[in-house]
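Visitor: Each chain, written out:
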Amino acid sequence: MTKAKRCFGTPPPGLDLSRLTGALIVIEGPDSSGRSTHVGLLAEWLEQNGYPVVQIGLKRSRLVGNELEAAKEGNVLSPRTMSLFYATDFYDQLENTMVPALRAGSVVLADRYTFTPMARDVVRGADADWLDSLYSKALVPDAVFYLQVSDRTLVDRTLASHGGLDYWESGMDLGLERDWFGSFIKYQRRVRAEFHKLHKRYDFSIVNANRSIDTIHAELKDRVRRVLQSIHPNQSIS
Amino acid sequence: MSPRRRHAGVLIAVEGLDGSGKSTQIHLLHEWLYGLRLRVHFTEWNSSSLVRNATRRGKKKQLLTPTTFSLIHATDFADRYERQILPMLRGGYIVLCDRYIFTSFVRDAVRGCDTDWVRRLYGFARMPDFTLYFRLPLETALGRILEGRPSLKYFEAGMDLGLSNDLTESFRIFQGRIMEQYDRLADEFPFTTIDATRNVYDQQQDVRRIIGEGVDLSQYRTRVPR
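Heads up: the sequence lines are chains S and U, in that order. Residue 98 in this note's numbering sits at position 98 of the first sequence, with consecutive numbering throughout. Residue 1115 in this note's numbering sits at position 115 of the second sequence, with consecutive numbering throughout.
Pulled out of the complex, with its shape left as it was, chain S reads as follows (with noise of 0.2 angstroms):
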């Protein structure tokens, strides 16, 4: 017996959410976290067991995944402009998408989904009622997992991998310090302030991300295992 898909709020008109057969699991975190590393093994792994893989992710949408990707090279546009842009690429998969694979009877997993952008947005001060709302049309995930990493984990990672630092990663259009690396603790902190405050109002588990490879993909399966069979009891997975 499935079950039933819902939106946290009011489903967008027109869109039919009676059997959604498959899973929708959804990994967050921040850069260099390991979030892809992890959505690649999980597909991996998925696929092995026979489970038809579709990923989501920012920025992907046929509709304005480019668009996109050229404001934030600009840095022109304003936080509220933003954040209406990234919902429209949110909302551009979930239909075309999330919900025929769903349909499909697939496992989709999301390399971030709606909780990225509105922590991100509540740094730049939005308003978090506002963006409850704006995502209220979104689909409850079957799992959220959210992969905490301590600070100095974070700076090693994201040095060691690309020898540098990212504008948007450390916050920099907010202007909190000149420095970058000073820029990136603070707005990284603020982040996982932020997503403290959704894993209490959203349903999702917060994974210690600090542990290796290895150790986290066997808890990720683990649990991924348990939704699987939630859904399907009559099948079995390694």
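Treat the hints with care, since some could be wrong.
[Claimed, not checked] Simulated crosslink set (DSS-like; lysine-lysine; CA at most 25 angstroms straight-line): (1) Lys186/S x Lys200/S; (2) Lys59/S x Lys1059/U; (3) Lys1059/U x Lys72/S; (4) Lys221/S x Lys3/S; (5) Lys1060/U x Lys59/S; (6) Lys72/S x Lys186/S; (7) Lys197/S x Lys186/S; (8) Lys72/S x Lys59/S; (9) Lys1153/U x Lys1060/U; (10) Lys1061/U x Lys59/S; (11) Lys1059/U x Lys1153/U; (12) Lys1153/U x Lys1061/U.
Keep in mind the hints are simulated off the structure, nothing from the lab.
Once you have looked at the hints, place chain U on chain S.
Guide: Below, chain U alone, put in the same frame as chain S:
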């Protein structure tokens, strides 16, 4: 919504069906105010350059759903609002808007988006000091459009609603629904309704009288020589 007069400027919006003549009227109003050497700024719906390409592609390829249609217009509006409308108001300008948030309220309602969600989406926008609603019978508006512009575009005709396979017929039904929504908003919000069946000159006299009486125009003289 923000109270009136929070900022120094004046916000004037025109709304109405396609073919109601509202763009002509706001153009003439703009010319008049400009000629009086006042601080005046004109802006129109759907014109923010960054969002324009995405909107165009979405429309051309028919990628838009009611929700993304609504959001992409809100994105466009937010960009113009924060970049132009709000700063101009704070700088003490008379800002003229050819269509404002009510255009989204009516279109999104016709496409089935829930009213509360749309209203909250635009909750950041200041209410106009004057909303001039150019009202005319549906058949008159349709006649003006269908006579002059034979090729209707897909979303303009509301084809995404599946009202009819015929473009013209779809446009008729769609415009009828838009009109119903405008009339509802006219009951809810303080619109100034203008009879748009009369000749352009007479309507413009009314518009100028309303603005001339409602705004102390001497406060808005340009401070920069031109």
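Visitor: Provide an ascending list of the numbers of those earlier hints which the structure does not satisfy.
Guide: none
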